[in-house]
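2 protein chains.
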Amino acid sequence: MPGKRILAAGKFDILHLGHLAYLEQARELAGVDGQLIVVIALDKTIEIERGAPPVFPAEQRRRLVEGLEVVDKAVLGYDTTDHTKIVSDLKPDIIALGYDQQTDIEALETAFREKNMTTKVVRLEKRDADGLCSSTLIRKRIIDFYNENGRPR
Amino acid sequence: MPGKRILAAGKFDILHLGHLAYLEQARELAGVDGQLIVVIALDKTIEIERGAPPVFPAEQRRRLVEGLEVVDKAVLGYDTTDHTKIVSDLKPDIIALGYDQQTDIEALETAFREKNMTTKVVRLEKRDADGLCSSTLIRKRIIDFYNENGRPR
Chain U
1 MPGKRILAAG
11 KFDILHLGHL
21 AYLEQARELA
31 GVDGQLIVVI
41 ALDKTIEIER
51 GAPPVFPAEQ
61 RRRLVEGLEV
71 VDKAVLGYDT
81 TDHTKIVSDL
91 KPDIIALGYD
101 QQTDIEALET
111 AFREKNMTTK
121 VVRLEKRDAD
131 GLCSSTLIRK
141 RIIDFYNENG
151 RPR
Chain G
1001 MPGKRILAAG
1011 KFDILHLGHL
1021 AYLEQARELA
1031 GVDGQLIVVI
1041 ALDKTIEIER
1051 GAPPVFPAEQ
1061 RRRLVEGLEV
1071 VDKAVLGYDT
1081 TDHTKIVSDL
1091 KPDIIALGYD
1101 QQTDIEALET
1111 AFREKNMTTK
1121 VVRLEKRDAD
1131 GLCSSTLIRK
1141 RIIDFYNENG
1151 RPR
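Protein sequences, first through last, are from chains U and G.
Read the first sequence against my numbering and you will find it ends at 153, with the numbers running on by one and no gaps.
Read the second sequence against my numbering and you will find it ends at 1153, with the numbers running on by one and no gaps.
One or more of the hints may lead you astray.
[To be verified] Distance condition first, Cα-Cα at most 25 Å in a straight line; then the derived BS3-like pairs of lysine-lysine:
| hint | chain 1 | residue 1 | chain 2 | residue 2 |
| --- | --- | --- | --- | --- |
| 1 | G | K1140 | U | K140 |
| 2 | G | K1140 | U | K44 |
| 3 | G | K1140 | U | K73 |
[Claimed, not checked] Computed footprint of chain U on chain G, listed as stretches where at least three residues anywhere in the stretch have a Cβ under 8 Å from a Cβ of chain U:
| hint | region |
| --- | --- |
| 4 | 1008 to 1019 |
| 5 | 1050 to 1062 |
[Unchecked claim] Partial pick of chain G residues on the chain U-facing surface, computed with a CB cut under 8 Å:
| hint | residue |
| --- | --- |
| 6 | G1067 |
| 7 | L1068 |
| 8 | E1069 |
| 9 | R1141 |
| 10 | I1142 |
Note that these hints are calculated values from the structure, not bench results.
Backbone N, C-alpha and C define an ideal beta-carbon position, used for all residues, glycine too.
Chain U extracted, bound-state conformation (with noise of 0.2 Å):
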């Protein structure tokens, strides 16, 4: 079976094992010659969503994402809420949701069969990663960190 192309998407802000594992299973999807694609989000697109900008600028957590070993390819988001356009030029054949995500699945497919374009959507299951796994939690983990040992040294 020919290797396939995945498509995989976040924040990636503070890179933590549950990230590395959602990536990881995102790359057991595309076989030994697939290819694993990640999706960097916009700083704006983070303001947006989180009401905050990230900690790391987007080309920052680019390479830091594209630093990993399952990764083959990390690019930064478009400047768009229509998500058809970077998969129509990424063309993957399958995008890899993590079991967090919020997307509506259903409308993305319909937009995909709406223009022709054959990718397939799926949500990956919750892998337990030995806890902190949560971008919120971790949050306020630090938060927590200098509200008990004051001022970073």
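We have chain U; now place chain G onto it with these hints.
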């Protein structure tokens, strides 16, 4: 020229491009069939040095660093200030120190010689990795970030 076994070391608490630049530079010393092994500081070692524990536990830091393409293996540091022990177990040809790592190279090399170990110690140069590459600076940025934006969401 046969590849060399290179040892790098650090805390790698919130992974960033400065870490990646350091490890990429260390990997270059290894040559094509060489090997890069990374020693991850124990939580208690960080606590002693920094006066506060890390955000991420050692095993999580280890797994994330080992997930980087340039890293062959990441291992936890030993619970001792005698660095000759882990070096004598891992048998690297070269220890690659980051430009900002506070280590007394002469004292280390003297200790190696006394134990008839041939490991060399080199200090890598500072490379431009597009800013935001000191952990202290990143922590400050995270704190400012939360001061501006309140609790995480």
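Quick rundown of the hints versus the structure:
Restraint check: the Cα-Cα separation between G/K1140 and U/K140 comes to about 16 Å, which is no more than 25 Å; the hinted pair holds. Annotation: proposed proximity of G/K1140 to U/K44 holds, straight-line Cα distance about 22 Å (limit 25 Å). Under the criterion of a C-alpha separation no larger than 25 Å, the hint pairing G/K1140 with U/K73 is inconsistent with the structure, at around 30 Å. Only residues whose C-beta sits within less than 8 Å of a C-beta in chain U count toward coverage, and the region 1008 to 1019 of chain G has 4 of them, enough to reach three; the restraint holds.
With 9 residues having a beta carbon nearer than 8 Å to a beta carbon of chain U, the region 1050 to 1062 of chain G meets the requirement of three or more and the stated coverage holds. Because the closest C-beta pair between G/G1067 and chain U is about 5 Å apart, less than 8 Å, the hint holds. Residue-level restraint check for G/L1068 holds (minimum Cβ-Cβ distance to chain U is 5 Å; threshold 8 Å). Interface restraint check for G/E1069: the shortest CB-CB distance to chain U comes to about 4 Å, inside 8 Å, so the restraint holds.
Taking 8 Å as the C-beta cut-off, the interface hint given for G/R1141 holds, the closest approach to chain U being about 6 Å. The beta carbon of G/I1142 comes within 6 Å of a beta carbon in chain U, closer than 8 Å, and the hint placing it at the interface holds.
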